[in-house]
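Enquirer: Since the structure of chain S is provided, determine the placement of chain R on it from the hints.
Chains as they are written, first to last, in my numbering: chain S, 1 to 245; chain R, 1001 to 1324.
Hint data in this document are derived by calculation from the structure and do not stem from the laboratory. One or more of the hints may lead you astray.
As the list claims (entries may be wrong) - Result set (DSSO-like, lysine-lysine): computed pairs, CA atoms no more than 30 Å apart in a straight line: (1) S:Lys224 to R:Lys1283; (2) S:Lys88 to R:Lys1290; (3) R:Lys1314 to S:Lys243; (4) S:Lys243 to R:Lys1016; (5) S:Lys195 to S:Lys220; (6) S:Lys236 to R:Lys1215; (7) R:Lys1314 to S:Lys224; (8) S:Lys224 to R:Lys1082; (9) S:Lys198 to S:Lys224; (10) S:Lys104 to R:Lys1082; (11) S:Lys220 to R:Lys1110; (12) S:Lys243 to R:Lys1228.
From a predicted model like this one, the values you see are computed outputs, not experimental measurements.
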Amino acid sequence: MKILVCISNVPDTTTKITFSPDGKTFNTAGVQFVINPYDEYALTRAIELKEAHGGSVTVLNVGEADTEPNIRKALAIGADDAIRVNLKPTDAYLVSQQIAYYAKEGGFDLILMGRESIDYNGYQVHGMVGELLGIPTVAPAIKLDVNGSTATLEREIEGGKEIIEAPLPLVVSAQQPMAEPRIPNMRGIMTARTKPLKVVDPVGQDAKTSVQNYELPPAKSGVKLIPAESAGDLIKLLRNEAKVL
Amino acid sequence: MSVLVVIECANGEVKKSSLEAASYGSKVAAATGTSATAVAIGDVQADALTSLGEQGISRVLLDNDSRLHNFVPSAYVKVIAKAAEQENSSVIILSNSNIGAAIGSRLAVKLGGSLATNVVSLPQINGSSFTVRRGVFSGKAFSDVELTSDKKIIAVKKNAVEIETTAGGTATVENFSADLSDADFATAPKETIKQSGDILLTEAEVVVSGGRGLKGPENWHLIENLAKALGAATACSKPVADVGWRPHHEHVGQTGITVSPNLYIGVGISGAIQHLAGVNSSKVIVVINKDPEAPFFKAADYGIVGDATEVVPKLIEAAKALDK
Chain S
1 MKILVCISNV PDTTTKITFS PDGKTFNTAG VQFVINPYDE YALTRAIELK EAHGGSVTVL
61 NVGEADTEPN IRKALAIGAD DAIRVNLKPT DAYLVSQQIA YYAKEGGFDL ILMGRESIDY
121 NGYQVHGMVG ELLGIPTVAP AIKLDVNGST ATLEREIEGG KEIIEAPLPL VVSAQQPMAE
181 PRIPNMRGIM TARTKPLKVV DPVGQDAKTS VQNYELPPAK SGVKLIPAES AGDLIKLLRN
241 EAKVL
Chain R
1001 MSVLVVIECA NGEVKKSSLE AASYGSKVAA ATGTSATAVA IGDVQADALT SLGEQGISRV
1061 LLDNDSRLHN FVPSAYVKVI AKAAEQENSS VIILSNSNIG AAIGSRLAVK LGGSLATNVV
1121 SLPQINGSSF TVRRGVFSGK AFSDVELTSD KKIIAVKKNA VEIETTAGGT ATVENFSADL
1181 SDADFATAPK ETIKQSGDIL LTEAEVVVSG GRGLKGPENW HLIENLAKAL GAATACSKPV
1241 ADVGWRPHHE HVGQTGITVS PNLYIGVGIS GAIQHLAGVN SSKVIVVINK DPEAPFFKAA
1301 DYGIVGDATE VVPKLIEAAK ALDK
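Okay, chain S solo, but in the shape it has when bound (with noise of 0.2 Å):
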């Protein structure tokens, strides 16, 4: 089984986010960027079925050169190569674009990739590259096995979980408590080096979406306290003052 995991460099989950004071640009300077979280459950996953079922695994990453730390440290904990396509990820159609082309021309069974990437929180990239490539998507998957040609997937809705079988090839977008993240051990690392990572030109530039500028949220006024012995209060302040119940 060929499984291809797309993988975002996002910025760590504890970052204090800024603009650059025109508000066109996201301040880099002295962020630390990760895989993001729910690329990591797809990964995981991922490596999980190889071990059980054999294979291979390659991550994508639509990206520049930065991101190359991240895309090592997914080789570390168990990818088997990796695909770089060399491209500031700006618009979601102009991901999936790359993501499906690749996709194509490497014959991929399973295609997996977070829900969302904590940054730009599109949701969008699954449905995208499942209807370039004319396959179906299940998202967001909370459980993923395979069977042949078959997986078995467990999706949430609203108020509960669906069971899905769904044909190969597929691809599924990934959500806790699909996997549990590894963290890659020295073994891991030392091999990683010596994993190919492939630097692809990207296949075409059709962005369907321009950010125009970013803004901060108004500063929280403050929070009201209320004493504990009197706490009935607070609800008759959210029904008079917050008008919410």
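Expert: Just chain R, lined up with the frame of chain S:
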């Protein structure tokens, strides 16, 4: 040119988030001098759809193929794409729900359109420029995004727009069919397992959520009873789900469910940044924690420093005393 609103239904009723989408769609239609039509899919009676006229919808196309009673992305996308083609729709409005998010991206590719998810504002339209504001960086910022294709698809964040109601408005309901084949149902669910209580967490206007400060699962009745008294849905923090006090589908936070209710009450939750990412677009946040230094207080509008087992019973009593 027209505006098409995708309506989601549950238990035969139109979801609240779809009423928001309908109001949003009607306003976009008014701003662009056109009309708003809706497409509804699945298990719903025509009667439940006629009242969408109160949100400014003139016509509803209903595809009630029984195979669509469960959500199957590829089939839903075909129905909506056909409706959009028939109506010559240039703007398509969805809810930013699990369903909306799963179909929006496929629809965008099928129609060659631009997609914006997590949208929190009406579009700014200036000549040919069409820009919407959306939440990014897990709720820590906004971005204004221009949709540059002719067709624009917008998934509206829950609770981000008001439901406008004009009493007496009536929409006409027309049967609609997209001639689906069995191949469109390749990923149809084999089984559906309902897990939550009466109120859907993602649709709830009030959410009561518990963390490790509850001390143990034996105290969970405090969360449930407060939720019941307030007509709220219940949720939990990640550590609580990880230790197995509560199931993972109740976990609110960055890797769990994102909620944006009118009121979020966090009990015994310290407010790790991952938790904030799931709740910080709530309109009002209340934090109850015995540690006055808990970071969650910085994000809160109201707070009580105290032990959950002492504070929550007082809240339940006060909530019960409210005249509904």
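Enquirer: Compare the structure with each hint and give your call.
Expert: Status of each hint after checking the structure:
For a cut-off of 30 Å, the pair hint linking Lys224 (chain S) to Lys1283 (chain R) stands: about 15 Å separates their Cα positions. Using a Cα cut-off of 30 Å, the hinted pair Lys88 (chain S) and Lys1290 (chain R) is violated, with the two alpha carbons roughly 46 Å apart. For a cut-off of 30 Å, the pair hint linking Lys1314 (chain R) to Lys243 (chain S) stands: about 20 Å separates their Cα positions. Between Lys243 (chain S) and Lys1016 (chain R), the direct Cα distance comes to roughly 19 Å. Compliance with the 30 Å bound is thereby established for this hinted pair.
At most 30 Å may separate the alpha-carbon atoms for a hinted pair to count; Lys195 (chain S) and Lys220 (chain S) exceed this at roughly 48 Å. Taking the CA atoms of Lys236 (chain S) and Lys1215 (chain R), the gap is about 27 Å. The hint holds against a cut of 30 Å. Simply put, Lys1314 (chain R) and Lys224 (chain S) have alpha-carbon atoms about 18 Å apart, close enough for the 30 Å limit, and the pair holds. Pair hint Lys224 (chain S) plus Lys1082 (chain R) does not hold up; C-alpha atoms about 52 Å apart against a cutoff of 30 Å.
For the proposed pair Lys198 (chain S) and Lys224 (chain S), the alpha carbon gap of about 55 Å is over 30 Å, so the pair is violated. Restraint check for Lys104 (chain S) and Lys1082 (chain R): satisfied, since their Cα atoms lie roughly 27 Å apart, inside the 30 Å limit. Between Lys220 (chain S) and Lys1110 (chain R) the CA atoms are separated by roughly 41 Å; this puts the pair beyond 30 Å, and the hint is violated. Simply put, Lys243 (chain S) and Lys1228 (chain R) have alpha-carbon atoms about 19 Å apart, close enough for the 30 Å limit, and the pair holds.
Checked against the numbered hints listed earlier, the structure breaks hints 2, 5, 8, 9 and 11; every other hint is satisfied.
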